[in-house]
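Student: What follows is each chain in one-letter form.
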Amino acid sequence: MDMRNTKFIDFKELDSIKSRSAIRSFFEFSADIDAVVVDFAKITFLSRTAAHEMLVLQNNLSSQGMDISFLNVSASVNAMLELVKNSLGKEKKVGFRFVKLLTFEDDKKYEDYLLQL
Amino acid sequence: MYSASFSPQFDWNTQIGNQLLHLKLSLKSLHDGLEVIDFSKMSFTPPLLAIHYASMINESSYIPKISGLNFYLETISFPYCISPRSKSECELLLNSYLDKSYVPIIKFDLSSLADGPRIREMLLSHVFATIRTITNLPTNYFTAISYMVSELIDNMVEHSGQKHGYLAFQYYSENGFMDICLADRGAGLLGSYQNYVGERDFSAITNHLEAVDSAVKGRSTKPIPEDRGYGIATSRRILTQGLGGTFVYLTGNALLINEELSNFGFESRGIIVVVRIPIRQFNKEFNWTDFVE
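Protein chains in written order, with numbering that gives the first Met the number 0: chain Y, 0 to 116; chain R, 0 to 292.
Since the hints were derived computationally from the structure, they do not count as laboratory data.
Please note that the accuracy of each hint is not assured.
[Unchecked claim] When the alpha-carbon atoms are kept at most 16 Å apart in a straight line, the in silico EDC-like pairs for lysine to aspartate or glutamate are as follows: (1) Lys23(R) with Asp106(Y); (2) Lys64(R) with Asp37(R); (3) Lys84(Y) with Glu292(R).
All chains, full assembly: derive it from the sequences and hints.
Tutor: Here it is, written out as structure tokens:
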């Protein structure tokens with residue numbers, strides 16, 4: 000590996016990454032980079048969306064011939080990456096997504112419903 | 000004819016239903032022509048109402064004169080919130096709340112560009128850490144709550160079209176629960192579907208209730224839809240089935256309370272979310288991964 004063309008990403012002072020855009024912001028670099036090393040040593044929490052973005056980027060960069068590797072991945076961060084990997088391409092579960100539409104005869108009945116909370 | 004002044008009233012009441020009714024009534028009175036909002040009759044301002052009023056005031060095209068702020072409202076930086084942009088600023092502003100049951104209202108950047116994401120991550124990390132200290136959350140609960148709130152905030156970043164989102168928090172130690180509230184005054188779910196430009200057809204989504212139903216079912220406007228659209232459904236499941244909490248999501252006139260969707264009667268711009276988490280007793284066996292797809 001030619002170290003001059005390797006981009007090291009350690010997420011600066013962050014200890015958690017909670018959004019896609021945060022992941023993307025660290026992956027803006029020039030086209031002459033041929034390898035990326037992502038060091039998760041400081042990261043204690045990676046959200047699902049951030050993990051998904053990370054894996055999408057990994058896939059895209061790999062398909063462009065770029066070598067990308069992850070270092071110092073904690074158990075919790077690894078669990079999130081694995082969760083997202085295992086859910087890719089799978090159908091969403093109907094049971095998770097139930098919505099019951101309620102209608103009320105009048106405002107008083109709606110108020111009574113809200114006051115039960 | 001609209002009145003030029005508005006003086007909301009709310010007394011101590013932790014019931015979400017009461018707070019929602021107050022919010023609903025307030026929507027009748029809040030309009031762009033308001034000159035004065037007097038908060039002197041708000042003897043208690045729970046995070047739902049604090050974030051509702053703060054976000055409305057901050058995002059209004061015409062800022063009314065604000066009066067009647069009591070000590071608590073000033074302590075939570077109502078209505079203009081805090082927006083620290085560095086680690087040292089976060090520490091300076093948030094460390095004084097470690098022994099309190101609330102944090103100041105946080106106004107965070109929703110930008111995806113330049114330093115926006117990094118500053119937002121840093122700020123929210125501090126806020127979450129402060130909440131964890133205040134509530135003495137064990138790791139399994141902290142991770143679950145971080146998961147939920149992160150997903151909801153990422154939806155705001157991706158869809159609201161606004162510059163700022165808002166976060167409010169209150170810990171009710173004697174009642175044994177905490178409320179985390181989020182808000183933006185952006186496009187809302189319906190606007191997100193209506194503003195979508197792309198290959199998918201969302202023309203069947205014509206009102207706020209249909210928009211909420213679609214979002215819960217995972218119909219995403221984001222690219223690669225089959226791998227997106229988990230945020231609301233999973234957050235709701237972790238909260239209601241995993242933690243025994245209450246999930247409230249208001250956008251437009253659509254109000255989702257756990258699995259029940261209803262017409263709120265008045266339209267609230269953008270989205271407001273309440274995540275109520277019981278934390279009287281912590282279950283050591285609780286594992287958030289049991290409640291996600």
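Student: Now tell me, hint by hint, if it's right for this structure.
Tutor: Hints versus structure:
1. Taking the CA atoms of Lys23(R) and Asp106(Y), the gap is near 12 Å; set against the 16 Å cutoff, the hint holds.
2. Restraint check for Lys64(R) and Asp37(R): the C-alpha separation of about 8 Å stays at or below 16 Å, so the hint holds.
3. For the hint pairing Lys84(Y) with Glu292(R), the CA-to-CA distance comes to about 11 Å; that is within 16 Å, so the pair holds.
No hint from the list above goes unmet by this structure.
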